[in-house]
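K.L.:
Chain by chain, the residues run as shown.
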Amino acid sequence: MNIDKRLVRKDSLEKLFDILKQNSKAIYAPLSKNGKTTFGNAVAFETISDGYVQTTQSAKDIAFPRVDGMSVRGIDLNEIPEVVLWGVRPCDATGIGELSSIFNWDYKDEIYNNRLSKVTVFGFSCSKADDYCFCTSVGGNPGNTAGSDILFTQFGEGGDYLAEILTERGEKIVGLAPALFENSETDDKEKFLANVPVKFNHNEIREKLDKFFESKEWIEQSLRCLGCGACAYVCPTCACFDIQDEAHGKNGSRIRCWDSCGFSHFTLHTSGHNPRDVQSARWRQRIMHKFSYMPERLEVFGCTGCGRCSRACPVDMNILENLISIQEVTV
Amino acid sequence: MMDNLYMPYLMKIERITHEAPGVKTFMLKFVNEADQEKFTYKAGQFGEYSVYGVGESTFCIASPPTRKGYIECTFRQTGKVTNALSGCEEGSMIGFRGPYGNVFPIDEWKGKSLLFIAGGIALPPMRCVIWNALDMRENFKDVTIIYGARTVKDLVYKEELKDWELRKDVKLITTVDPGGESPDWKGEIGFVPTIVEKIAPSSEDTIAIVCGPPVMIKYTFPVLDKLGFTDDNIYTTLENRMKCGFGKCGRCNVGKVYVCKDGPVFTLAQLKELPDEY
Amino acid sequence: MDELIKRAKDLLESSVVKVVIGYEEGTGNKTRALFVENAEDAGKLIFDSRCVQNLAAYITKKEVKEKGKMAIAATLPVMRSIIQLASEYQVNDSNLIVLGITPESKFIEFANLVEVETFVHKYQIEIDARNKEMLVKLEKMTQAERWKFWVDELTPCFKCYACRAACPMCYCHRCTVDFNQPQWVPVASTELGNLEWHLMRAIHLTGRCIDCDACYNACPLSIPINLLTKKMLEDAKEHFGGYQPSLKGDHLMSTYKPDDKENFIQ
Chain X
1 MNIDKRLVRK
11 DSLEKLFDIL
21 KQNSKAIYAP
31 LSKNGKTTFG
41 NAVAFETISD
51 GYVQTTQSAK
61 DIAFPRVDGM
71 SVRGIDLNEI
81 PEVVLWGVRP
91 CDATGIGELS
101 SIFNWDYKDE
111 IYNNRLSKVT
121 VFGFSCSKAD
131 DYCFCTSVGG
141 NPGNTAGSDI
151 LFTQFGEGGD
161 YLAEILTERG
171 EKIVGLAPAL
181 FENSETDDKE
191 KFLANVPVKF
201 NHNEIREKLD
211 KFFESKEWIE
221 QSLRCLGCGA
231 CAYVCPTCAC
241 FDIQDEAHGK
251 NGSRIRCWDS
261 CGFSHFTLHT
271 SGHNPRDVQS
281 ARWRQRIMHK
291 FSYMPERLEV
301 FGCTGCGRCS
311 RACPVDMNIL
321 ENLISIQEVT
331 V
Chain Z
332 MMDNLYMPYL
342 MKIERITHEA
352 PGVKTFMLKF
362 VNEADQEKFT
372 YKAGQFGEYS
382 VYGVGESTFC
392 IASPPTRKGY
402 IECTFRQTGK
412 VTNALSGCEE
422 GSMIGFRGPY
432 GNVFPIDEWK
442 GKSLLFIAGG
452 IALPPMRCVI
462 WNALDMRENF
472 KDVTIIYGAR
482 TVKDLVYKEE
492 LKDWELRKDV
502 KLITTVDPGG
512 ESPDWKGEIG
522 FVPTIVEKIA
532 PSSEDTIAIV
542 CGPPVMIKYT
552 FPVLDKLGFT
562 DDNIYTTLEN
572 RMKCGFGKCG
582 RCNVGKVYVC
592 KDGPVFTLAQ
602 LKELPDEY
Chain W
610 MDELIKRAKD
620 LLESSVVKVV
630 IGYEEGTGNK
640 TRALFVENAE
650 DAGKLIFDSR
660 CVQNLAAYIT
670 KKEVKEKGKM
680 AIAATLPVMR
690 SIIQLASEYQ
700 VNDSNLIVLG
710 ITPESKFIEF
720 ANLVEVETFV
730 HKYQIEIDAR
740 NKEMLVKLEK
750 MTQAERWKFW
760 VDELTPCFKC
770 YACRAACPMC
780 YCHRCTVDFN
790 QPQWVPVAST
800 ELGNLEWHLM
810 RAIHLTGRCI
820 DCDACYNACP
830 LSIPINLLTK
840 KMLEDAKEHF
850 GGYQPSLKGD
860 HLMSTYKPDD
870 KENFIQ
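Protein chains in written order, with the working numbering: chain X, 1 to 331; chain Z, 332 to 609; chain W, 610 to 875.
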């Protein structure tokens, strides 16, 4: 398949930013605060963080906000702005597909779909990776085009960019600023991509997980887990949510907000019975859901290998390390 | 108008029946007639019932789909939402989202005998399928209902029980736990599993549908096994913590299934494949 | 830390304890908690300046506690937490042995919690210079400026409760925010809801927080929530002469003394 490849000069990115702003597009890009990067509304090009291997938070709240009040007000397409998601890594772009498969499993969540319909994804290939990255072990790679509307790859530090125009939405962007997307000869992107060695075999893991449910390994792996929601909240594919009704006098709202299967009361019944009342059961649920249940039922991974969960975890629960040890354990 | 999965139907409480201490049944009608027209469901399905501004709670639809024009739900006052529901009066408006979940495969049971076993507040999910079956009674051979509660006061659907007792085409056995009988109690005395063993219904060409608190279920399954029931012929409904009702929020995920989507109706064979996380 | 390793090994071999809680090498240059149950694994225990996680958070965790008697490698902040937990009846000599590490990184033996307390009382709880400076800056702001500062800092919080999970003092089986009758603090992470959560937690920690920064270190977004608890520490000093964790159990906020200044009620 012939991909439309263009050259974007390194100075053109700022010009592109300005043109998008002039065309009433909101730009959702990684912004730095307290030394961490979170996607937010970028008002000026200089505020966009760069040089990160991976942002602290994912960009999932562009379609699945951490607090969503549309649950009972109803979906008003006019209220959702046109957004360019600027600076997602290829793993995150793939994650959008995985998240979407949950929100469209038989029942179509139109709130999510409508939000996503207003998003154009600018992916940026990875020239660097760190020890937490494992996209190649879950079917991804640092230059993966899946999920992006335009994928930018920089030709070395300080260099110009290859822009792969992958979808109609991407073409519309090119149409807004055709001079910036030059029809020049471009270099092959492969040599500018980070090296991310494959760390485990996901098929082997999946087979093993089917027989692994009663293993004591879960207890050992999860002893230091404190049961917070950090891993679930920074994850691009975690979609567990809560629905809360709030009343204010004679008015009220029904909101959908993020939740985590790691919390101790996630499965607590009103009767007091809790099917998962030890942390090892909850840790096991996280791994099983991402690497066994989702692949089986939705035919996608529940993990993009971005490594955010491990970076954010206050007690160094390293999901890559845990998966490798599962692969190595004899059942 | 976009289809919003989280938007409930507006329902009016037509009638409230006080079943037992802390247990009520609501008869609900759709406020919007067009909603009523379009609404269909099958026995076994559930809904999310809301008190606006308070929250939602999951109950089965306790009335059979063979009776049109209304739906019923029965609940026990336990937590935040059920307390708020208990405070509603006839004429109040509540919300309803549904129907969700899978169904009792009642068509597959035609030509067989049916054995319904229920305990306490678990009769509501069964009531739907019992009435569904009785409304097409000619399709089934024997129909036996064994129902027990802790005390006489705790028996729900007291009017229904009287109806079923009087019917010649239904064998009804009611029981209360030892010590729960009243002076004029004429039914059995004993825990449900014990009574099932005593009555010893035949397993020949029979489907068993069991619903009750976990401890009752735990002791009933071995009795059915002794009586010759196979795991594929025993059905139950699972209760679980639910929020969305349509397989997205993750709360009711048990092993590879979502209780709200792949259940809540399961055969014992299917149940045995699930991890013990429900 | 050879002495620590040797002591841990001895305690496990003689079955005096069932688990030793300490630190091991983690990912990259991080360290993390280690739970040693077999004497031969004691060699994995390490200690250096990277080891700042407050391990006392684990001695109330049921999955660790139910293993049996515990031993814990404790730096000064961890020791302080242990004494505070002991004063709140969460731990005692029968289920915990403290393997102390002095501020000079020397190993120190304690026969019981009274000895730990004696050691802890040799040091005052002092807020570090950088954060002290920040508190001065906040004090100088007008109320509107200070409100804006905290709204800016706390709105990005997504209520993952890592701060609560990492804090040794937050050991309630069911936290206030996890009740829904009534729903004291909204579940969703909204601007006002976040403020409610963090301010409420700071108040629950007044007189109990020993300034270990576990909350700040745990926060995935590095929100400086420890400024709130440090402010409570300063206020406690100003109004009540400060506090130390104490086995006596005369907790700052639940003990009345006739000479309490009560300047704030004027």
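Calculated directly from the structure, the hints in this document are not laboratory data. Cβ atoms here follow ideal geometry from the backbone N, Cα and C, with glycine treated the same way. Some clues are possibly wrong.
[Claimed, not checked] Quick look at which bits of chain W chain X covers, simulated, 3 or more residues with Cβ under 8 Å:
#, stretch
1, 647–658
2, 665–676
3, 765–771
4, 793–804
K.L.:
Hint by hint, note whether the structure agrees.
P.N.:
For each hint, the structure was consulted:
1. Given as covered by chain X, the stretch 647–658 of chain W fails the check, having 0 residues with a CB less than 8 Å from a CB of that chain where 3 are the minimum.
2. Residue count for the stretch 665–676 of chain W with a Cβ under 8 Å from a Cβ of chain X: 6. That meets the three needed, and the coverage hint holds.
3. Only residues whose beta carbon comes within less than 8 Å of a beta carbon in chain X count, and the stretch 765–771 of chain W has 6; three or more means the coverage holds.
4. Evaluation of the coverage hint for the stretch 793–804 of chain W: fulfilled, as 5 residues show C-beta separations to chain X shorter than 8 Å, against a requirement of three.
Hint compliance for this structure: hint 1 is the single one not met.
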